[in-house]
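K.L.:
Take these sequences, add in the hints, and give me the full structure.
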Amino acid sequence: MTMNFTALGAAQQTYDAVVVGSGATGGWAAKQLAEAGLKVALLEAGRGVSPKEFTEHMPAYKLKYRDHSPEVARTRPIQKQCYACMEYNYEWFVNDLENPYSTPPGKPFSWQRLRVLGGRSLVWGRQSYRLSENDLKATSRDGYGDDWPISYADLAPYYDIVEGYVGISGAAEGNVMLPDGQFLPPMKMSCGEVQLRESVKAKFGRTVTIGRAAVLTQNHNGRGACHYCGPCERGCSTFSYFSSPFTTVKDALSSGNCTLFTNAVVSHVNMDSEANKARGVTYVDRMTRQVKEIRGKAVILCAQALESTRILLNSSTRDYPSGLANSSGALGRYLMDHVVGGGASGRLPDLKTLPDANEPQRPNGIYIPRFRNTPSSTKETRFIRGYGFQGGAGAEFNFSAEGYGTSFKKSVKEGVYEISLGAFGESLPRWDNYCEIDRNLNDAWGIPALRICMTHGDNEAALMADAGTTAAEMLEAAGAKDIRVQTDVAVPGMAIHELGTARMGSDPKNSVLNAFNQTHDVRNIFVMDGASFVSSGCQNPTLTMMAVTVRACSHLIDRFRRSEI
Amino acid sequence: MKRRELIRAGLLMSFAAALRPTQEMAQSAKTPSELTPAQSGVDASKYLAAPGWRPLFLDEHQNETLIVLSDLIIPATDTPGAKEALVNRYIDLVLAAETPETQGAFLNALGYLDGESMRRFEVAFRRASRGQQDELLVALAYPRDAGGRTVEPDASSGTGHAHFETLKEHIVTAYYSSQIGERELGSDGGFAHGDYEGCDHTEGNHN
Numbered sequence: 001m002t003m004n005f006t007a008l009g010a011a012q013q014t015y016d017a018v019v020v021g022s023g024a025t026g027g028w029a030a031k032q033l034a035e036a037g038l039k040v041a042l043l044e045a046g047r048g049v050s051p052k053e054f055t056e057h058m059p060a061y062k063l064k065y066r067d068h069s070p071e072v073a074r075t076r077p078i079q080k081q082c083y084a085c086m087e088y089n090y091e092w093f094v095n096d097l098e099n100p101y102s103t104p105p106g107k108p109f110s111w112q113r114l115r116v117l118g119g120r121s122l123v124w125g126r127q128s129y130r131l132s133e134n135d136l137k138a139t140s141r142d143g144y145g146d147d148w149p150i151s152y153a154d155l156a157p158y159y160d161i162v163e164g165y166v167g168i169s170g171a172a173e174g175n176v177m178l179p180d181g182q183f184l185p186p187m188k189m190s191c192g193e194v195q196l197r198e199s200v201k202a203k204f205g206r207t208v209t210i211g212r213a214a215v216l217t218q219n220h221n222g223r224g225a226c227h228y229c230g231p232c233e234r235g236c237s238t239f240s241y242f243s244s245p246f247t248t249v250k251d252a253l254s255s256g257n258c259t260l261f262t263n264a265v266v267s268h269v270n271m272d273s274e275a276n277k278a279r280g281v282t283y284v285d286r287m288t289r290q291v292k293e294i295r296g297k298a299v300i301l302c303a304q305a306l307e308s309t310r311i312l313l314n315s316s317t318r319d320y321p322s323g324l325a326n327s328s329g330a331l332g333r334y335l336m337d338h339v340v341g342g343g344a345s346g347r348l349p350d351l352k353t354l355p356d357a358n359e360p361q362r363p364n365g366i367y368i369p370r371f372r373n374t375p376s377s378t379k380e381t382r383f384i385r386g387y388g389f390q391g392g393a394g395a396e397f398n399f400s401a402e403g404y405g406t407s408f409k410k411s412v413k414e415g416v417y418e419i420s421l422g423a424f425g426e427s428l429p430r431w432d433n434y435c436e437i438d439r440n441l442n443d444a445w446g447i448p449a450l451r452i453c454m455t456h457g458d459n460e461a462a463l464m465a466d467a468g469t470t471a472a473e474m475l476e477a478a479g480a481k482d483i484r485v486q487t488d489v490a491v492p493g494m495a496i497h498e499l500g501t502a503r504m505g506s507d508p509k510n511s512v513l514n515a516f517n518q519t520h521d522v523r524n525i526f527v528m529d530g531a532s533f534v535s536s537g538c539q540n541p542t543l544t545m546m547a548v549t550v551r552a553c554s555h556l557i558d559r560f561r562r563s564e565i
Numbered sequence: 001m002k003r004r005e006l007i008r009a010g011l012l013m014s015f016a017a018a019l020r021p022t023q024e025m026a027q028s029a030k031t032p033s034e035l036t037p038a039q040s041g042v043d044a045s046k047y048l049a050a051p052g053w054r055p056l057f058l059d060e061h062q063n064e065t066l067i068v069l070s071d072l073i074i075p076a077t078d079t080p081g082a083k084e085a086l087v088n089r090y091i092d093l094v095l096a097a098e099t100p101e102t103q104g105a106f107l108n109a110l111g112y113l114d115g116e117s118m119r120r121f122e123v124a125f126r127r128a129s130r131g132q133q134d135e136l137l138v139a140l141a142y143p144r145d146a147g148g149r150t151v152e153p154d155a156s157s158g159t160g161h162a163h164f165e166t167l168k169e170h171i172v173t174a175y176y177s178s179q180i181g182e183r184e185l186g187s188d189g190g191f192a193h194g195d196y197e198g199c200d201h202t203e204g205n206h207n
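First to last, the sequence lines map onto chains X and V.
Each residue of the first sequence is one higher than the one before, starting from 1 at the first, in our numbering.
Each residue of the second sequence is one higher than the one before, starting from 1 at the first, in our numbering.
It is worth saying that the hints were derived from the structure and are not from the lab.
Errors might be hidden in some of the hints.
Derived pair list, reagent style DSS-like, types lysine-lysine, alpha-carbon separation capped at 30 Å [unchecked claim]:
1) X:Lys62 - X:Lys410
2) X:Lys413 - V:Lys46
3) V:Lys83 - X:Lys410
4) X:Lys203 - X:Lys52
5) X:Lys107 - X:Lys80
6) V:Lys83 - V:Lys46
7) X:Lys352 - X:Lys481
8) X:Lys379 - X:Lys201
9) X:Lys509 - X:Lys188
10) X:Lys509 - X:Lys297
11) X:Lys137 - X:Lys509
12) X:Lys80 - V:Lys46
13) X:Lys52 - V:Lys46
14) X:Lys413 - X:Lys188
15) V:Lys46 - X:Lys203
16) X:Lys277 - V:Lys46
17) X:Lys413 - X:Lys481
18) X:Lys203 - X:Lys379
19) V:Lys83 - X:Lys413
20) X:Lys107 - X:Lys509
21) X:Lys62 - V:Lys83
22) X:Lys277 - X:Lys292
23) X:Lys203 - X:Lys188
24) X:Lys52 - X:Lys62
Per the computed footprint, the stretches of chain V lying under chain X, defined by three or more beta-carbons under 8 Å from a beta-carbon of chain X, are [stated by the list, open to error]:
25) 44 to 52
26) 175 to 187
Only part of the chain V face toward chain X is listed, based on derived beta-carbon distances under 8 Å [stated by the list, open to error]:
27) Thr36
28) Pro37
29) Gln39
30) Asp195
Built from N, CA and C at the ideal position, the CB exists for glycine as well.
P.N.:
Below, the structure written as structure tokens:
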């Protein structure tokens with residue numbers, strides 16, 4: 001189906017939609033809108049990406065510093081806090097020297113981001129979980145915060161669309177806290193993981209399942225099944241994990257209706273104040289520093305939660321002095337990032353499997369859905385909401401074996417059977433966790449930078465304390481020894497699940513977006529990324545972000561059809 | 001044909017061909033200087049073996065001491081040891097680019113080793129006899145209290161054991177990240193070894 005909405009001006013083309021950001025959500029927006037016949041301009045702040053630069057099969061000994069490059073430390077002191085930022089691929093991550101932000105004294109925030117076609121979808125962890133009605137309507141149960149203006153029933157059809165296209169491998173479990181989806185065959189579990197699954201089910205009645213991952217276990221939509229080489233974050237020659245450049249963005253471009261602008265660093269949205277409508281965006285060419293404008297009938301921000309909000313904050317006008325579409329004052333507020341740091345690890349001495357350097361590397365772990373404060377569990381007194389665990393078990397080389405010499409060399413190869421669980425806890429939306437423009441700090445393109453102010457609170461700390469206890473008891477049930485318990489609260493940002501700052505809501509007085517990601521204040525501005533989240537749940541958010549985007553785009557296409565935009 | 005062979009036989013090419021439109025678009029916008037050396041395909045594996053190699057950070061004595069120590073910690077057996085893997089050269093390269101704290105900790109540890117050797121045997125570690133070297137390393141590697149019980153290692157304590165662990169960590173990292181180290185662990189150098197098979201045991205029978 002193709003519709004003709006095109007209205008080409010002679011001198012300056014006006015696109016139907018300007019999409020800012022080419023990652024997981026921007027790719028979907030470009031695909032949906034372009035395939036429906038809208039003329040789309042897709043803007044990416046970074047360069048393009050080619051499969052020729054994938055390095056997943058390059059052994060570490062071919063790197064000059066074997067992943068201890070001083071260039072990474074010099075140019076990416078913040079980015080290297082991300083496990084995926086390596087000597088192999090650091091150019092995909094932003095240069096921290098060119099992309100500064102500030103934080104208040106004593107309140108660090110680790111902002112890990114990429115500027116390259118596909119954004120973080122190139123290096124993401126690929127874990128893909130649905131939110132449940134318990135997450136979307138949590139306020140109705142415990143009174144904290146606000147319910148989402150949409151229900152699980154509203155989102156479910158869009159989860160189906162996204163999963164069907166992306167390809168999510170996983171196992172159905174019938175767990176009320178973690179709705180099942182359209183799964184490709186699940187990856188297998190190791191012996192230690194099966195042992196954990198059996199003993200945790202028997203002793204606690206909890207579910208241990210294989211991770212639901214955006215990694216193909218069979219050929220799917222023109223992409224190949226996983227060949228189990230391991231390090232997805234360096235790219236994939238068979239395109240087996242989902243990343244937008246080789247899927248949604250490719251589709252958008254193939255439609256003939258989408259024009260891609262790389263190196264387009266968007267500074268702000270331009271307004272027609274008379275009509276109270278956005279006219280398009282201004283960007284700085286990353287290479288030439290030239291300032292350019294792109295016109296569009298609709299502006300769709302998919303730049304990543306904090307970046308989308310930064311663009312709106314930098315777009316203030318006389319009518320919107322504290323940031324565009326910010327009559328509520330909620331823009332920049334309610335910043336969330338899943339709390340991590342709690343968990344446990346140990347050894348399974350009963351399992352005699354030896355580590356094997358030639359074993360296929362499964363790019364996935366196990367998952368334990370939330371079991372605290374569920375409809376069937378007793379209500380916790382120490383905290384509201386809950387957490388899920390990611391983890392894994394397997395034989396590993398024992399590089400920390402005692403001693404030296406021939407016996408040490410032998411011990412390394414005999415290995416140890418390790419098992420670990422790490423929690424991802426719900427991050428409560430709080431007014432005092434926010435971002436704003438730092439008037440004294442610009443990025444390398446002269447665009448005012450963010451000041452990010454976020455701390456985890458008492459509830460998050462209580463979740464991690466409980467997670468240490470429950471992880472240890474589950475590992476013990478599985479027969480683990482030498483159990484090490486962690487109850488830390490990591491620096492905010494370390495989960496790389498930034499959410500909120502332009503939240504949805506039914507009340508324009510305390511939210512930025514309506515239920516279709518359209519700003520309450522300006523009808524042709526949309527924010528379709530994690531900024532729109534009302535609460536965080538404890539599940540990895542990318543799948544939900546994509547489903548929300550597809551739902552919002554369907555609505556936008558309808559409005560175009562009815563000539564309302 | 002096995003999956004691995006399929007991939008080598010050109011499966012990769014067919015998927016790459018399917019993606020050509022995006023690729024060309026993307027490449028036209030790419031700046032070669034914004035690729036990492038690895039993304040540009042640079043193979044630096046022969047860098048350390050270059051003729052005329054000189055240390056960047058360590059002095060002659062420190063370098064020679066490190067060669068001796070590394071080959072005691074990971075000796076040649078039926079497989080090559082740390083000396084052949086040029087562990088000293090890799091450590092020197094990394095230390096030259098490291099923070100002053102890491103550089104200082106390494107030199108302190110190496111100096112401690114030599115100091116203990118001088119104190120006990122009146123000879124620098126690298127010139128001590130094999131028996132003397134072992135006597136010292138055993139004392140540092142296996143800390144025991146007066147009753148012969150294992151003492152909990154504490155890497156931050158500044159004890160002889162902590163110094164030993166600092167040196168050992170650098171050596172272990174350098175050795176097992178080398179091509180010799182990869183082979184030592186049994187790697188065949190390949191990257192695709194079939195599907196992940198996982199556990200196929202019945203419940204409670206995982207051994």
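K.L.:
Confirm or reject each hint.
P.N.:
Do the hints match the structure? See the list:
1. In summary, the hint linking Lys62 (chain X) to Lys410 (chain X) is supported, as the alpha carbons are separated by about 25 Å, within the 30 Å threshold.
2. The straight-line distance between the Cα atoms of Lys413 (chain X) and Lys46 (chain V) is roughly 26 Å, inside the 30 Å bound, and the hint therefore holds.
3. For the proposed pair Lys83 (chain V) and Lys410 (chain X), the alpha carbon gap of about 18 Å is at most 30 Å, so the pair holds.
4. Between the alpha carbons of Lys203 (chain X) and Lys52 (chain X) the distance comes to roughly 50 Å, so the proposed pair goes past 30 Å and is violated.
5. Only pairs whose Cα atoms come within 30 Å are accepted, and Lys107 (chain X) paired with Lys80 (chain X) is accepted, the gap being roughly 19 Å.
6. Of the pairs offered as hints, the one joining Lys83 (chain V) and Lys46 (chain V) holds, with about 15 Å between alpha carbons and a cut-off of 30 Å not exceeded.
7. Of the supplied pair hints, the one linking Lys352 (chain X) and Lys481 (chain X) holds, its CA atoms being roughly 14 Å apart against a limit of 30 Å.
8. With a CA separation close to 21 Å, the supplied pair Lys379 (chain X) and Lys201 (chain X) stays within the 30 Å bound.
9. Taking the CA atoms of Lys509 (chain X) and Lys188 (chain X), the gap is about 49 Å. The hint is violated against a cut of 30 Å.
10. Under the criterion of a C-alpha separation no larger than 30 Å, the hint pairing Lys509 (chain X) with Lys297 (chain X) is consistent with the structure, at around 26 Å.
11. Note on Lys137 (chain X) and Lys509 (chain X): the hinted pairing holds, with a Cα-Cα distance of about 20 Å set against a maximum of 30 Å.
12. In summary, the hint linking Lys80 (chain X) to Lys46 (chain V) is supported, as the alpha carbons are separated by about 26 Å, within the 30 Å threshold.
13. Our distance criterion of 30 Å between C-alpha atoms is met by Lys52 (chain X) and Lys46 (chain V), whose separation comes to about 22 Å.
14. Straight-line distance between C-alpha atoms of Lys413 (chain X) and Lys188 (chain X) comes to about 24 Å, which keeps the hinted pair within the 30 Å bound.
15. The suggested pairing of Lys46 (chain V) with Lys203 (chain X) is violated, with an alpha-carbon distance near 54 Å, which exceeds 30 Å.
16. For the proposed pair Lys277 (chain X) and Lys46 (chain V), the alpha carbon gap of about 60 Å is over 30 Å, so the pair is violated.
17. Proposed proximity of Lys413 (chain X) and Lys481 (chain X) is supported: the alpha carbons are some 20 Å apart, at most 30 Å.
18. A threshold of 30 Å between alpha carbons decides the hint, and for Lys203 (chain X) with Lys379 (chain X) the separation of about 20 Å falls inside it, so the pair holds.
19. The straight-line distance between the Cα atoms of Lys83 (chain V) and Lys413 (chain X) is roughly 19 Å, inside the 30 Å bound, and the hint therefore holds.
20. Proposed proximity of Lys107 (chain X) and Lys509 (chain X) is supported: the alpha carbons are some 29 Å apart, at most 30 Å.
21. Restraint check for Lys62 (chain X) and Lys83 (chain V): satisfied, since their Cα atoms lie roughly 19 Å apart, inside the 30 Å limit.
22. Annotation: proposed proximity of Lys277 (chain X) to Lys292 (chain X) holds, straight-line Cα distance about 19 Å (limit 30 Å).
23. Pair hint Lys203 (chain X) plus Lys188 (chain X) holds up; C-alpha atoms about 23 Å apart against a cutoff of 30 Å.
24. Taken as a hint, the Lys52 (chain X) and Lys62 (chain X) pair is honoured in the structure, with Cα atoms around 17 Å apart against an allowance of 30 Å.
25. Counting residues of the region 44 to 52 of chain V whose C-beta sits closer than 8 Å to any C-beta of chain X gives 3, which meets the bar of three, so the coverage hint holds.
26. Counting residues of the region 175 to 187 of chain V whose beta carbon lies closer than 8 Å to any beta carbon of chain X gives 10, which reaches the threshold of three, so the coverage claim holds.
27. With a least beta-carbon distance of about 5 Å to chain X, the hint placing Thr36 (chain V) at the interface is held under the 8 Å criterion.
28. At its closest, the beta carbon of Pro37 (chain V) sits 7 Å from a beta carbon of chain X; the interface hint therefore holds under the 8 Å criterion.
29. With a cut of 8 Å, the hint placing Gln39 (chain V) at the interface with chain X holds, because the nearest CB-to-CB distance is about 4 Å.
30. Residue-level restraint check for Asp195 (chain V) holds (minimum Cβ-Cβ distance to chain X is 6 Å; threshold 8 Å).
The earlier numbered hints that this structure contradicts are 4, 9, 15 and 16.
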